[in-house]
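A.B. asks: Chains as they are written, first to last, in our numbering: chain A, 1 to 236; chain B, 1001 to 1236.
These are calculated hints, taken from the structure and not from any lab test. Do not take every clue at face value.
Here are some, though not all, of the chain B residues that point toward chain A, as calculated from beta-carbon distances under 10 Å [stated by the list, open to error]:
no., residue
1, F1003
2, L1037
3, Q1117
4, E1132
5, A1184
Since this is a predicted model, take the numbers as computed values, not measurements. Glycine is no exception: its CB is placed at the ideal position from the N, C-alpha and C atoms.
The primary structure of each chain is shown beneath.
There are 2 protein chains.
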Amino acid sequence: EIFERALWLLTSQDLAGEHLLVTAGPTRERIDPVRYLSNDSSGLMGYALARAARQRGAQVTLVSGPTALPAPLGVNLRRVESAAQMLDAVLATLPAATLVIKAAAVADYRPCQMAAQKLKKQQMAAPSLALEKTPDILSQIAACKGDRLVVGFAAETERLLEHARDKLERKGLDLIVANDVTQAGAGFECATNIVQILHADGRCEALPCLTKWAVAHALLDRLVALRCQRAVDSQP
Amino acid sequence: EIFERALWLLTSQDLAGEHLLVTAGPTRERIDPVRYLSNDSSGLMGYALARAARQRGAQVTLVSGPTALPAPLGVNLRRVESAAQMLDAVLATLPAATLVIKAAAVADYRPCQMAAQKLKKQQMAAPSLALEKTPDILSQIAACKGDRLVVGFAAETERLLEHARDKLERKGLDLIVANDVTQAGAGFECATNIVQILHADGRCEALPCLTKWAVAHALLDRLVALRCQRAVDSQP
């Protein structure tokens, strides 16, 4: 804790006055009281972003799905399990937020209904799990975006830039961080990441293999720059 | 490590000469490279059994699904992900094992096929996940049981003893540990457990709320007693 507080003192407070809302980790969508659908997200990227932004002076709310990570110091951590719970927590924080980074790997689908009791093998003769879409959190954020800067992530296994650019445009994002999760040194449950940052104005920056901590600071640098740009653009 | 080794010296070596094969944790059944089906098992019970048996002089092989737990000292740990991988690891160890405890919460179902690439929302218009049964590890153990003592677990949310007794008989188990995972202080991701131990001879013992460490020793006590009983019964 002393080390962490010393880091804050030694770091430029270029995010002072901002309130970052960051989501992290996977979500779990329940099939019954013991079974669920989930994904490999470790939460490392979102937690690194929360810690880095706090260090740079932002107020930070971290909405996190189930992870094994400790709460970053000085960050308002809200733990949730499902996509629906994550949406509720995001919407509750959104009015106060000035920056939004959606680093969570939210499940796209969930079972249409959750069984109240554990399903028995014998009950499932022709087993098939009917799925429905989970609420689209990014679209709901985009719908009331206002002056906020909003960043998304695209973790893909093929046609990375195409999928990422499409997502950026559909969701009205300012930036999207694209990474190919099949690359060694990238993606889920990995301390490093190899990302490309796509901007709304069409720019694409390919970063080298970096720790998630360095990726977090690189991304926050871009947000600070965008904020400056906006301030300049709005001058009469 | 010194503490752990001291514990071994201070503990009755009543499992010396035995080779315990214990399974632990959940399994993950992949839908695509990033998504999976899983369950809430933490692995605590299986890891406690492995450590307790090692302390009492057994050679121990621990076949574990994905957990956040460290490897117990002196235990041969084999990490696996899916039910199919767990079966392979169990069958490879089974010939050498004299005691088998299946504490893992193996997925009963898996997707019929795993997609090679991450599925896109747009690709899944009428989403439904076709499932198939995973291999039944306990039945395969039962099929070549020999002189081994075999223990299963039944984690249920309703009609606990009925389900557990049925499972014990169908799988030819010597003991089954039944617990209602909906009870406070019991079940998955919990340091304590409230269990009933059902014997093949019809006995049922209800234990109080105990740490999983204490439940592990209680279960190993029953195995030692069964082993003695068998030795007596086989006297001419």
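A.B. asks: Are the hints correct? Go through all of them and say.
C.D. replies: So, going through the hints one by one against the coordinates:
1. F1003: violated (24 Å)
2. L1037: holds (6 Å)
3. Q1117: This hint holds: Q1117 (chain B) lies near chain A, its Cβ roughly 5 Å from the closest one there, short of 10 Å.
4. E1132: holds (7 Å)
5. A1184: Where the cut-off is 10 Å and the nearest Cβ of chain A is about 14 Å from A1184 (chain B), the hint is violated.
Violation of the numbered hints given earlier is confined to hints 1, 5; the remaining hints are satisfied by the structure.
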